[in-house]
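Chemist: Each chain is listed here by its residues.
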Amino acid sequence: MTHAIAAGRLNPATWPLSVKVPLLVAVLMFAVSAVITNRVLARLQDNQEQHLQQLASAYLDGLSASLIPSVFREDVWEVFDALDRSRERYKGLNVRWTIVTNAEGKILAASDPTKFPSDTLAEETTLEHFVEGKEAILDEAKATAFLVRSLPYQGREIGKIYAEADIGLLLQERSDVFRTLSLTNLLLTVLLAIVGYLAVLRMIRPVRIMSLHLDQASQGKIELIPDSIVMRQSSEFRRLFGRYNVLSQAVNEREFLASQLAEEEKVASLGRLASGMAHEINNPLGGMFNALDALKKHGTREQVRGTSIRLLEHGLTGIRDLVRSTLASYRADPRPRDLTFADLDDLRLLVKPEAKNKKLRLEWKNEIEKAVHLPAVPVRDAVLNLLLNACTSSKEEGKVKFHARVESGILIADVSDQGNGLPAHIQEYLERDGAGSVPLDKRSGLGLWIVKRLCDEMNGKLTVVMSGASGTTIRLTVRPKTVELVHAA
Amino acid sequence: MQSRRQFLALGASCVWSFNTGDAVGAVPAAPINFGLTPVLLTNDLELLTKLKAYLSRKTGREVQLVQRRTYEEITGLLLTGQLDGAWICGYPFAQFREQLSLIAVPVWRGKPLYQSYLIAPKGRAATSIDDLRGDIHAFSDPNSNSGYLVTASLLAEKKLRPDQFFRQVIFTYGHRNVVRAVASGLAQSGSVDGYVWEVMTTIEPELTNKTEIVRVSELLGFPPVACLKSRRESEGVRLLHRALVEMAKDDEGRHVLNLLKLDGFADEPESVFDTITAKMMLIRSLGS
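Protein sequence lines correspond, in order, to chains A and B. Heads up, the first sequence is in our numbering, so the first residue is 1 and it goes up one at a time. Heads up, the second sequence is in our numbering, so the first residue is 1001 and it goes up one at a time.
I should point out that these hints are in silico values taken from the structure, not numbers from a laboratory. Honestly, I wouldn't trust all of these hints.
[As the list claims (entries may be wrong)] The calculated lysine to aspartate or glutamate pairs, modelled on EDC-like cross-linking and capped at a C-alpha distance of 20 angstroms, are:
(1) A:Lys365 / A:Glu354
(2) B:Lys1111 / B:Glu1268
(3) B:Lys1122 / B:Glu1073
(4) B:Lys1122 / B:Glu1204
(5) A:Lys106 / A:Glu132
(6) A:Lys370 / A:Glu397
(7) B:Lys1210 / A:Asp414
(8) B:Lys1210 / A:Asp84
(9) A:Lys106 / B:Glu1204
(10) B:Lys1122 / A:Asp112
(11) A:Lys142 / A:Glu104
(12) A:Lys142 / A:Asp84
[What the hints assert, rightly or not] If you anchor each label on the Cβ, the simulated ranges turn out as follows:
(13) A:Gly155 / B:Glu1206: 31 to 37 angstroms
(14) B:Gly1076 / A:Asp112: 34 to 40 angstroms
(15) A:Phe178 / B:Glu1212: 23 to 29 angstroms
(16) A:Thr144 / B:Gly1076: 45 to 51 angstroms
(17) B:Asp1163 / A:Asp112: 22 to 28 angstroms
(18) A:Leu121 / B:Asp1163: 19 to 25 angstroms
All residues carry an ideal CB built from backbone N, CA and C; glycine is no exception.
Extracted from the complex, chain B is given alone in its bound form (with noise of 0.2 angstroms):
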């Protein structure tokens, strides 16, 4: 791995120092790290691979892709500086939305926007959150917002707390595991990502056949690629912004895109996740 690492940096350097002209022989640039969240469909082995393949071409630079099991450690990470640049949820953005400043927004469908669902098993003839009352229910990610602030910030409405209103909450640390965790009658209900989901029923068919939508939230601020408000202006996030808002005009770019099953990344304003930031603040009121 490490071999191959080395390998990919070299690679890397070469183009870069290639496309500026440096003399050979300069001291090759600092890596650049880009954390991922569980947002991403990360079981696909050739997204990263081709991801970080295409960033490290696009960048000139050895890009680093960091990944952890929960979203909190990548928030960590990447408020520790330890990170350029991560794809992290809108809830995490909103949290530490003074510190973060946004790097570009996906595009999906046309818009930076998606929207959470209530999953059950197929044929459960569930219509509202009502009916999934004393389920198991799997969760994401206590700091996803598909994954856990809707559902939660669903049930402040009511004055519950998940676990009042739910027998069980587990939370799978992924949102493909959510829709496993239904569809072998683990858990009776989840909360899940609506584009992981929709992206699903077209890689995994057999997976989300098994499942039916119970409810769809509202359009919300897609998981967002973030950065510290500090490090805005530094190389390496400039060219991870150049990286990311070209993608749709480049080949291998595109072909990303196409595995990830989005139109692009965009500059949007920071005020689409204002939504998600009006949930947390009521789920704070109620102190869940």
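In isolation and in its complexed conformation, chain A is listed as follows (with noise of 0.2 angstroms):
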């Protein structure tokens, strides 16, 4: 379970869009600013490349033009002088040392003589990174631009000038273009992510207040959004809250009509129920009178006298246990108790009448032992309300069963019947959470609403075992309330 919340939350289809839409524009910024400092580190890299091409270029064309007389007459004094004042002209290079070969390779003379002494052959490792034909390489991993320029004189080559230049400036302006775009770049994301965040957070204020409307709507209790709320909204969100308004006000109304109709399916209930008491009461009545009236004649007689005593007591008690049995389920209890075995027993006798209006056959099966910590009236109306809606579906001499148990302290009551079978759209209303909170609808009645709500009131849950055309089990499964339990224990 804690793995598919994980799960959910790396998911970014998920994630809600005050993060979403500051996120893709923060991504999208950074994106941009990656683009937009390529492209600008590219453009500056090849004008410093162009830059010092020219630089270079200006350089050696100004040495050699200045170097070539004393070049061809081997003047170490006029190349070294040559050199040396080449260095405050062309500062900007920032040459490190030059060296003036002669055609043999030997060095004429260096712009730093105790490294490069005249007279000596230049070493192969100082000229290893110069590239005949090349008149200037960067390495930008040493810093350093390799210059190098023949000195040509009436067709034949006299000498060489190389020179090393530090770039590390240049690249150092690089760096600092990089690290000001970047850091500039970051600045205008995180401003742009928070402008976003803040923007869509504004845009998205009517969506959660229309959230907080539904998700109270679908606990039980729908409620409009006022006008003054209303009234501050964007044209759509007004019109949308205008239709939700209208909406909850229909289904505000229907649940004030439901109920009043269950009011009166009670009242109608009451009725049935006093026609069939009435009933029950009338079918010994008869035999009562007519002891009585055995009495009167025959009251002498001791058998005669003994037969209708003891049918008037049969008599009576039957209706003793009737009268007993709606006061149980009538009686207004302030104050909940637990359910007993006789809470569910004598709701046999209140099915009775029903069934034996449609010549059904009760098999009744009650196994709870002791008292449960579970409210008695709620389950009682609940199981009576299954047992009254199994009669009506079940056929004429068909079967309801009834079978209650306690399993690891949570009641169990299964109540089968003998109908058709239950629709769809039924079970999947019974067996699904909340749904109480509203009637079926019109075609079925109201019994199994009373059944669903019930069962919402006190967390239980129903399931629909077995349904098709030989009948229906729906199973009626109430778990004692932990708090209880705990108290209990």
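Work from the hints to combine the two standalone chains into their complex.
Modeler: Below is the structure:
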């Protein structure tokens, strides 16, 4: 379960809009800034390389023009003097050293004579970075530019200029631009993400209001959105809220009518119950009056008197049991009491008239041995309604079965009939959590709604164990409340 | 540049006209051409400007300062009469002593004398010329006394030519350049004018501090201002002579002398340059 929730959180599709949109803005900004930074740096790099090439060419042009006569004469001083003076002139190039060699590769003079003495051969390691035919080579890893220029005189190469320039400043400039750009873009991205977050939060506020009201409605409390809030919304949400309010009013009215209908049904049920009771009382009454007549006429005879009194006692006992059961069912009980064996067993008497009408056989199995920590009245009402519904659904001369038991402290009551089975929508209605807040539909009776509502109130569960042409079995499962269990323990 | 020269010439002629009382509209006198060799700190523009201004004012004539890269060029101009006078080196004076005459000799530290220094990079720990064998050696000019002749004659005493003693010799055509070459490491040793080196210790100590003196020569005649013997009595030379020997008495002149770090100019006998002549003869005898 925990893994499923964690997986759900990781799935971006499940994230709230207030997170997704700013995140999307941030990602887009980041992508745009990355592309821009890349383009700017590429352009900067091109410009720098171009600039360096031009500067290197200017440096080599200037040097070679002044050096050729001196190199031709192999005038060491003049070569050195030219190199020494060029240092100031080409400060922008940041030349580390320059070597001028003659045709044999011997150093005529260098800008740093202590490092590269005159009249010696230039070392291979010094010249290995220079490439023939490539005037300037940039080595970013070494932060160095390697420049080389051949010195021609009358069609012959009389020497070469080798120079090493420090391009650390150029790379530093590029790195500074990169840092500035990245920082600016990061700040902009964060700023836009915050703005996006706030904007989205503001935009989806009506959705949250609607969501809150729908949540409340699902818990059975349908409240209208106040006009003051409706009027503050944009036209789309104003229209949506208006429609929701119309819908809520309609649902509230329907619920009100349903409760009225339930009251009427209750009264009708009471009527049916009263007539059933009257019928049950009327049956023994005939025998009792007969017994009274027999007593009046033949009361002196011992045998007649005994038989009449037994008949009277039997009839009165039946009437007393019926009255007791009815009292137990409909007595206004301010304090909930625990469910007992008798509470359910009494129901047989209440169902009996209905069963008798349809010549139904009641198969009764009550296995509750001791009191269960459940409210007796709603459980009885729910089971009674299930039994009455089963009687109604069963075919004549059919069978209605009742089986109640307690397993691991949980009450399980199965009611089976031999009807034509439950329609799918009723089955779905009975099994859906919280469905009892609204009546079932116009085609179905209120009995099952009452069962569902009572079940929801007790946090119970209805399950259609079996439903088909041979009949239906509905199971009511009620679990004692945990707190109460702890308390009881 | 031309307009500036014209302006200076005009200014100089005006001053001369004022001093001499010549009538306005008179034909201006020909300029005095004064040659300078790299014995001077020729890179100092202020010095050149002040010197020219002083000489122009003092002579009452426009003075053209003529500079060339080598001693040979200036000596050539002087010998061919294209210059009225020139500040040359003692060696060319010794070479052409019969054709040249002294106008004045600079006085430095109270004497018309100076020395030649053998220098090496600081820390070289060389004490004599023998320690410099196999060096790349920087000379000033093949016609310089302190910047070539002194060292060449020292080697001539050992029956050696510079190219035999040193691995390589380079000519920098300026005493300051000799110091630069040694200070930078281009040359491992150099021959330089002692006066120039000493002046540089106050003007450019960052350069001289990188060098040290290996050997100091004997006192020799200071590079003189000379002219063709045939022109010694000409108006231009006479004016130049007066301007030079009276320089120490003039405020502007003293300013120029201060820039040159000299005491003044004086009339000295030609015998001052006998030692240089002797060195020259030694080299000639060796054929170097």
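Chemist: A separate judgement is required for each hint: does it hold in the structure or not?
Modeler: Hint-by-hint comparison with the structure:
1. A:Lys365 / A:Glu354: holds, 19 angstroms
2. B:Lys1111 / B:Glu1268: holds, 10 angstroms
3. B:Lys1122 / B:Glu1073: violated, 34 angstroms
4. B:Lys1122 / B:Glu1204: The hint holds at about 15 angstroms.
5. A:Lys106 / A:Glu132: holds, 17 angstroms
6. A:Lys370 / A:Glu397: Not OK: Lys370 (chain A) and Glu397 (chain A) at ~33 angstroms, beyond 20 angstroms, violated.
7. B:Lys1210 / A:Asp414: violated, 115 angstroms
8. B:Lys1210 / A:Asp84: holds, 16 angstroms
9. A:Lys106 / B:Glu1204: Violated: Lys106 (chain A) and Glu1204 (chain B) sit about 32 angstroms apart, past 20 angstroms.
10. B:Lys1122 / A:Asp112: Holds, at roughly 16 angstroms.
11. A:Lys142 / A:Glu104: violated, 29 angstroms
12. A:Lys142 / A:Asp84: Distance ~25 angstroms between Lys142 (chain A) and Asp84 (chain A) Cα, so the pair is violated.
13. A:Gly155 / B:Glu1206: 31 to 37 angstroms: violated, 44 angstroms
14. B:Gly1076 / A:Asp112: 34 to 40 angstroms: Because 37 angstroms falls inside the window, the suggested range holds.
15. A:Phe178 / B:Glu1212: 23 to 29 angstroms: violated, 50 angstroms
16. A:Thr144 / B:Gly1076: 45 to 51 angstroms: holds, 48 angstroms
17. B:Asp1163 / A:Asp112: 22 to 28 angstroms: Given range 22 to 28 angstroms: holds, Cβ gap about 26 angstroms.
18. A:Leu121 / B:Asp1163: 19 to 25 angstroms: Taking Cβ atoms as reference, Leu121 (chain A) and Asp1163 (chain B) lie about 21 angstroms apart, which means the hint holds.
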